[in-house]
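A.B. asks: As given, the protein sequences belong to chains A and B, one line each in that order. Counted the way my numbering counts, the first sequence spans residues 1 to 288. Counted the way my numbering counts, the second sequence spans residues 1 to 248.
It is possible that part of the hints are untrue.
Unchecked claim - Taking CB as the label site, the calculated pair distances span:
1. 242(B) - 274(A): 51 to 59 Å
2. 244(B) - 58(A): 17 to 25 Å
3. 1(B) - 190(A): 43 to 51 Å
4. 12(A) - 93(B): 23 to 31 Å
5. 244(B) - 69(A): 49 to 57 Å
6. 69(A) - 190(B): 50 to 58 Å
7. 58(A) - 171(B): 49 to 57 Å
8. 186(B) - 123(A): 55 to 63 Å
9. 244(B) - 242(A): 37 to 45 Å
10. 161(A) - 93(B): 22 to 30 Å
11. 7(A) - 171(B): 49 to 57 Å
To be verified - Just so you have them, the derived chain B footprint on chain A, three or more residues with Cβ under 8 Å:
12. 82-93
13. 96-102
The set of hints was computed from the structure by calculation and includes no laboratory data. C-beta: ideal position from N, C-alpha, C; glycine also.
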Amino acid sequence: MTALEVRGLRKSYGAIEAVAGINFTIEEGEVFGLLGPNGAGKTTTVEILEGYRKRDGGDVTVLGVDPEHGGRALRERIGVVLQASDLPAALTVLEVHRMFAGYYAHPRDIDEVISLVGLEEKSGARVKTLSGGQKRRLDLGVALVGDPELLFLDEPTTGFDPTARRTAWELVRSLRALGKTVLLTTHYLDEAQQLADRVAVIRDGRIVKQGSPAELIGVAPKVEIRYREDGRDIVIETEEPTRMLAELTGTAAAAGRELEALEVVRPSLEDVYLDLIDNGDADDNGST
Amino acid sequence: MRLFLHELRNQQRLFWRNRESAVFVFIFPPMLYLLLGAVYTGTFDGFRLADVLLVGLIGYGCANTAFAGLAITLVIRRESGVLKRIRATPLPTVTYLSAVLGSTLFVFVLQMLVTITLGLTLYGAKGPENRLGMIPVMLLGVACFAGLGFGATAMIRSSEGASAVVNLIVLPMAFLSGSFGPTRRYPQVLQWIADVLPLTYLIDLMNDVYLRGESFSGHPKEIAIITAWGLVGLAIAWRRFGWEPRER
Numbered sequence: 001m002t003a004l005e006v007r008g009l010r011k012s013y014g015a016i017e018a019v020a021g022i023n024f025t026i027e028e029g030e031v032f033g034l035l036g037p038n039g040a041g042k043t044t045t046v047e048i049l050e051g052y053r054k055r056d057g058g059d060v061t062v063l064g065v066d067p068e069h070g071g072r073a074l075r076e077r078i079g080v081v082l083q084a085s086d087l088p089a090a091l092t093v094l095e096v097h098r099m100f101a102g103y104y105a106h107p108r109d110i111d112e113v114i115s116l117v118g119l120e121e122k123s124g125a126r127v128k129t130l131s132g133g134q135k136r137r138l139d140l141g142v143a144l145v146g147d148p149e150l151l152f153l154d155e156p157t158t159g160f161d162p163t164a165r166r167t168a169w170e171l172v173r174s175l176r177a178l179g180k181t182v183l184l185t186t187h188y189l190d191e192a193q194q195l196a197d198r199v200a201v202i203r204d205g206r207i208v209k210q211g212s213p214a215e216l217i218g219v220a221p222k223v224e225i226r227y228r229e230d231g232r233d234i235v236i237e238t239e240e241p242t243r244m245l246a247e248l249t250g251t252a253a254a255a256g257r258e259l260e261a262l263e264v265v266r267p268s269l270e271d272v273y274l275d276l277i278d279n280g281d282a283d284d285n286g287s288t
Numbered sequence: 001m002r003l004f005l006h007e008l009r010n011q012q013r014l015f016w017r018n019r020e021s022a023v024f025v026f027i028f029p030p031m032l033y034l035l036l037g038a039v040y041t042g043t044f045d046g047f048r049l050a051d052v053l054l055v056g057l058i059g060y061g062c063a064n065t066a067f068a069g070l071a072i073t074l075v076i077r078r079e080s081g082v083l084k085r086i087r088a089t090p091l092p093t094v095t096y097l098s099a100v101l102g103s104t105l106f107v108f109v110l111q112m113l114v115t116i117t118l119g120l121t122l123y124g125a126k127g128p129e130n131r132l133g134m135i136p137v138m139l140l141g142v143a144c145f146a147g148l149g150f151g152a153t154a155m156i157r158s159s160e161g162a163s164a165v166v167n168l169i170v171l172p173m174a175f176l177s178g179s180f181g182p183t184r185r186y187p188q189v190l191q192w193i194a195d196v197l198p199l200t201y202l203i204d205l206m207n208d209v210y211l212r213g214e215s216f217s218g219h220p221k222e223i224a225i226i227t228a229w230g231l232v233g234l235a236i237a238w239r240r241f242g243w244e245p246r247e248r
């Protein structure tokens, strides 16, 4: 079953085209990552899907309905973690959960949600006393309290220290265990790789690559062989490092030369990502 | 209805839990009555000043609660993203806004009862001559100033500025409209300004209903002007009100 489908989505703010015709599909129970730098169009895309903004063009269905006209029935079925929003600072963790639970026809058990996001010990604490990481967990708890089928998490770990990020990742994994469909945006490659079943890399409002994390790494650019000769740095890019290296070393050994500072450099994930972001051609075929 | 009551309870909890605004919105008008009532004695137009001030400060309380308090609260909620977050839930907008209004009305009525009790016990002021007539007066006053409060919310851009902006409006308005004592000796220019302000007409209406025991419906001019101001506020809100932070 398809949980969410985006076809040719477009949105401009004045002269700036924030989303320039993107396609992707998310299956039920899947964790989908929208990966890209700041200003790539991630939040605009998610906010259109959440029903906050009207699109300029394209077709969008969220749980089978158009989010512009989904109304209350759709909002019963989705959970939202916004990139930047506070919850009432003067209420306690328990009270905030109770407040939001009351908005839904069939809420989850509040205590269960609070323990799911690991805030049992903070249940009676005022929101304003929580740490940044705890507030983010509260956001997630409030998003879960209506027992949604589909969750939108907009940069759920931005600004976290490494420990808090690990904790947040565990939480997202637990959502998968609950069978929820998740659309996650992030500008951290490792986060997308850790959490998402499939990833779309977005840049300047276009999807430049999409596939499983393994497939993304599979499109690694060429391996570099570097050495120094006569005081000059030589860099050879090759798709066949083994053969290239054998030739180089064979020739050098035969001539009795030493290849100074020889190294073979395989691009890191970061390089793959940066390569896509910097000069990836828009290859928006929406393959799913 | 279940949702409305749920949200009304939320609004009440949020109001009283936020100490600073509860003190400013709820305590300030009765406190001013306590002070002014202690200073001014005598009669005016055949009424004791304790009575005139009582009505004036109920009027100020209405503007302070429904206009100033509401606008400040809504701007802060908008800028912190709380309004945006609530928009993503199934809670209907109408239910949310009705609960906000209901909660505001409740706070104002409670405040009015406190002010009247102070007047009766400390300054020998009198209770309302036309009790039933005060009900539509209160509803009209809260509706008008809440309408203006929604309009002000739409105009104010930041949380930091909200309190300054609304007080710059409410305090001079209350002064000109006679909340803090009779305005008959004010310079003519100030009286002309007062003649267009909604609070002037709300206080006139209360003078007639509360002090003279006249009927509510016998004052179409006041009712029309107060209603018109409320509609102006709503019209501004209709065009410019937003649920999302302006400065984030």
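A.B. asks: Run every hint past the structure and note whether it holds.
C.D. replies: Hints, one by one, checked against the model:
1. For the pair residue 242(B) and residue 274(A), the supplied restraint of 51 to 59 Å is violated, since their beta-carbon distance comes to about 37 Å.
2. For the pair residue 244(B) and residue 58(A), the beta carbons lie near 22 Å from each other, so the given range of 17 to 25 Å is met.
3. Between residue 1(B) and residue 190(A) the CB atoms are about 49 Å apart, so this pair conforms to the stated range of 43 to 51 Å.
4. A hinted range of 23 to 31 Å for the beta carbons of residue 12(A) and residue 93(B) is consistent with their spacing of about 27 Å.
5. For the pair residue 244(B) and residue 69(A), the beta carbons lie near 20 Å from each other, so the given range of 49 to 57 Å is not met.
6. A C-beta distance of roughly 53 Å is found between residue 69(A) and residue 190(B), which places it inside the suggested range of 50 to 58 Å.
7. For the hinted restraint 49 to 57 Å between residue 58(A) and residue 171(B), the CB-CB distance of approximately 51 Å keeps it satisfied.
8. Distance hint check for residue 186(B) and residue 123(A): the Cβ-Cβ separation is about 56 Å, which falls inside the suggested range of 55 to 63 Å.
9. The supplied range of 37 to 45 Å is broken by residue 244(B) and residue 242(A), whose beta-carbon atoms lie about 56 Å from each other.
10. Evaluation of the 22 to 30 Å hint for residue 161(A) and residue 93(B) yields a failure: the beta carbon distance comes to about 38 Å.
11. A beta carbon spacing of about 56 Å between residue 7(A) and residue 171(B) agrees with the range 49 to 57 Å that was offered as a hint.
12. Counting residues of the stretch 82-93 of chain A whose CB lies closer than 8 Å to any CB of chain B gives 9, so the stated coverage by that chain holds, three being the minimum.
13. For the stretch 96-102 of chain A, the assignment as covered by chain B holds, since 3 residues bring a beta-carbon within under 8 Å of that chain's beta-carbons and 3 suffice.
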